[in-house]
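Student: Here are the chains, one letter per residue:
Number of protein chains: 2
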Amino acid sequence: MRYAVLGTGIVGQTVATKLVSLGHEVVIGTRDPEATLARTEPNGHGAPPFAQWQADNTQVRLATFADAAAFGEIVVNATAGAVSLQALQAAGTENLNGKVLVDISNPLDFSQGMPPSLNPVNTDSLGEQLQRAFPEIRIVKALNTMNCQIMVEPSRVAGEHDVFISGDDTDAKKAVTELLVSFGWPGTNVIDLGDITTARGTEMLLPIWLRLWGALGHFDFNFHIQGARA
Amino acid sequence: MRYAVLGTGIVGQTVATKLVSLGHEVVIGTRDPEATLARTEPNGHGAPPFAQWQADNTQVRLATFADAAAFGEIVVNATAGAVSLQALQAAGTENLNGKVLVDISNPLDFSQGMPPSLNPVNTDSLGEQLQRAFPEIRIVKALNTMNCQIMVEPSRVAGEHDVFISGDDTDAKKAVTELLVSFGWPGTNVIDLGDITTARGTEMLLPIWLRLWGALGHFDFNFHIQGARA
Numbered sequence: 001m002r003y004a005v006l007g008t009g010i011v012g013q014t015v016a017t018k019l020v021s022l023g024h025e026v027v028i029g030t031r032d033p034e035a036t037l038a039r040t041e042p043n044g045h046g047a048p049p050f051a052q053w054q055a056d057n058t059q060v061r062l063a064t065f066a067d068a069a070a071f072g073e074i075v076v077n078a079t080a081g082a083v084s085l086q087a088l089q090a091a092g093t094e095n096l097n098g099k100v101l102v103d104i105s106n107p108l109d110f111s112q113g114m115p116p117s118l119n120p121v122n123t124d125s126l127g128e129q130l131q132r133a134f135p136e137i138r139i140v141k142a143l144n145t146m147n148c149q150i151m152v153e154p155s156r157v158a159g160e161h162d163v164f165i166s167g168d169d170t171d172a173k174k175a176v177t178e179l180l181v182s183f184g185w186p187g188t189n190v191i192d193l194g195d196i197t198t199a200r201g202t203e204m205l206l207p208i209w210l211r212l213w214g215a216l217g218h219f220d221f222n223f224h225i226q227g228a229r230a
Numbered sequence: 001m002r003y004a005v006l007g008t009g010i011v012g013q014t015v016a017t018k019l020v021s022l023g024h025e026v027v028i029g030t031r032d033p034e035a036t037l038a039r040t041e042p043n044g045h046g047a048p049p050f051a052q053w054q055a056d057n058t059q060v061r062l063a064t065f066a067d068a069a070a071f072g073e074i075v076v077n078a079t080a081g082a083v084s085l086q087a088l089q090a091a092g093t094e095n096l097n098g099k100v101l102v103d104i105s106n107p108l109d110f111s112q113g114m115p116p117s118l119n120p121v122n123t124d125s126l127g128e129q130l131q132r133a134f135p136e137i138r139i140v141k142a143l144n145t146m147n148c149q150i151m152v153e154p155s156r157v158a159g160e161h162d163v164f165i166s167g168d169d170t171d172a173k174k175a176v177t178e179l180l181v182s183f184g185w186p187g188t189n190v191i192d193l194g195d196i197t198t199a200r201g202t203e204m205l206l207p208i209w210l211r212l213w214g215a216l217g218h219f220d221f222n223f224h225i226q227g228a229r230a
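If you read the protein sequences in the order shown, they are chains A and B. Counting in the working numbering, the first sequence runs from 1 upward without gaps. Counting in the working numbering, the second sequence runs from 1 upward without gaps.
Extracted from the complex, chain A is given alone in its bound form (with noise of 0.2 Å):
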C-alpha cells in the first residue's frame, strides 16, 4: 500500500520507519522540504534532526504536504496539533478527499504555560475541527494516546492496554484497524468509541497523560479499559 505520512517530527519519523517496514511505500510531508533538510538541531520534543533519520531510512521520499498527499492511498496526520488544519490545506482536498486519514494530532496550547492545555477542548475537538473542514475525507482519529514508540510497537508495554478510534466512516475504522492489528495491536484491544465527537474522550486524556509521564518519569505506559470484555 502507498502511505503518506504528513509531518517529519518524531510521530511521523516513527510511523513512517514502521510503516517501510512493513512493505509499504511511504513518502513523508512537510511544508518546506528544502527547509525540513536543512535543520541540524533536533527539534523541542527530542526527535534527531530530520536529514540524519532520512540517512538512516531512505526508502522513506520527503515530499511537500500535496506531493505526499497525492502518493498515498492511505494518509496519516502526525503534523503537531496547532498546524494540522494549515498542513491539510496544504496537502489539498484535491489529494485527501475520499481517502482514509488516521489523525494521531493532539490540540496541544503550549500559549498557557507548562503542561499544556488543549485547544480546542470540552464541546469540541481537534479531529472534529479537521472533519468539518474537510467533510470528504475519511477521518479516523486514532493512536493519539501514547507515546509514538507504543503506537507501532505495542508490546513494548507488557500486558493489555488499548488504542481507541473514532470516526463517523465505518469502513475508514476498519481500514484503521487492520492497520493497528499490523503494528501489532490486538484486534481486541482496539476499542471504537464511536463517531469522531468522541475524539473529544481521548484528546481529553493528553492532560492525565502528561501528569503520569511526570508522575512515573518515563513514558512506556498506556491506558487499558479493564473490564471493557466482560
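Hints are computed from structural coordinates only; laboratory data are not their basis. Take these hints with a grain of salt, some might be off.
Note: identical chains are not told apart, hence a pair may lie in one copy or across any two.
Claimed, not checked - In the SDA-like style, the derived pairs of lysine to any residue whose C-alpha atoms are separated by at most 20 Å in a straight line are:
(1) K174 - Q149
(2) K174 - P42
(3) K99 - Q89
(4) K174 - L216
(5) K99 - D195
(6) K174 - A215
(7) K174 - R2
(8) K99 - G214
(9) K99 - E25
Chain A is already provided as a structure; the job is to place chain B on it using the hints.
Tutor: Only chain B this time, still in chain A's reference frame:
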C-alpha cells in the same frame, strides 16, 4: 472513625453504606434534610429515593451539611459538581478547616446538552476551585473516575485497575490511601498524580468514560495504567 458524607445521591449512599460496613460512624449531609426525606421519586441518576435507602441503612444519620461536617473527622464530598461549592459553604469553614476532604465530585455541565461537558476544564478543575475557595481544607481528589459501585468494591472489575489521587497535602493523601486500601484497593493501584492541579487530568477522563459507557453498554469498567509499575 467518624465520617461526614456530603450528598445523598447514589454516590453518597454507596460510600456511606461502605463506611458503615467497615465499622465507621457516618452522618450523611444534605442541604435540607426534610426535603430530602420527603422525596418519593428516584432521582435522575437512578438512585432510589433517600427515605427508602435510609430505611435500609438506619445506622447512617441524616443531617444538614453543617451538622454532618461538624461530626466528621474525615469528610467525603459526594455532591454534584455544580453545587459542590455551595455545599461546602453551607457546611462551613468552622466545621471543615484542617480536615481531610475526599473530593469525588465532577464538574459535569448539562447546559450544553448531552453528553455533558465540563466546567471548569482544561486550565482549571473543580478540585482546584474548591481548594482555592477553602485553603484550610486538606482536599484530596479521588475516586471520581469510575462508577460508584467500583469505588467501594474494586473487585467488581476483574484484573488490575487503578484509582488516582491528587492533592497538595502529603499526609492527607496518605490518609486517603489508607481509606482506599480499606475499600479493597491494593496500595499499588493507588496512583498519586501530584498536587491538586492534577485533578484536571482525572476530571477530564469523564468524557471518555461517558463514551466508553455508551460503546460498552455497561459501566463495570475502569481505567488501568499499564506499564505504570515497570
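Student: Pop the pair K174 and R2 into one bin, within, between, both or neither, using alpha-carbon distances up to 20 Å.
Tutor: Result: close within a single copy only, 17 Å intra versus 54 Å inter.
Student: Pop the pair K174 and A215 into one bin, within, between, both or neither, using alpha-carbon distances up to 20 Å.
Tutor: Between copies only: 16 Å across, 35 Å inside.
Student: Could you place K99 and G214 in one of the four classes (within, between, both, neither) given a Cα distance threshold of 20 Å?
Tutor: Classified as neither; 37 Å inside a copy, 28 Å across copies.
Student: When Cα atoms must be at most 20 Å apart, do K99 and Q89 count as within-copy, between-copy, both, or neither?
Tutor: The answer is within: 15 Å in one copy meets 20 Å, while 55 Å across copies does not.
Student: Could you place K174 and P42 in one of the four classes (within, between, both, neither) given a Cα distance threshold of 20 Å?
Tutor: Cα proximity of K174 and P42: none, with 36 Å in one copy and 41 Å across.
Student: For the identical chains here, do K99 and E25 meet the 20 Å Cα criterion within one copy, between copies, both, or neither?
Tutor: The answer is within: 16 Å in one copy meets 20 Å, while 62 Å across copies does not.
Student: For K174 vs Q149, is the C-alpha pair at or below 20 Å within one copy, between two copies, both, or neither?
Tutor: neither (23 Å within a copy, 34 Å between copies)
Student: Could you place K174 and L216 in one of the four classes (within, between, both, neither) given a Cα distance threshold of 20 Å?
Tutor: So K174 and L216 pass the 20 Å test across copies only (18 Å; inside, 34 Å).
Student: Between the shortest in-copy and the shortest cross-copy C-alpha distance, which are at most 20 Å for K99 and D195: within, between, both, or neither?
Tutor: Classified as within: same-chain Cα gap 17 Å, cross-chain 44 Å, threshold 20 Å.
The structure does not agree with the numbered hints 1, 2 and 8 stated previously, though it agrees with the rest.
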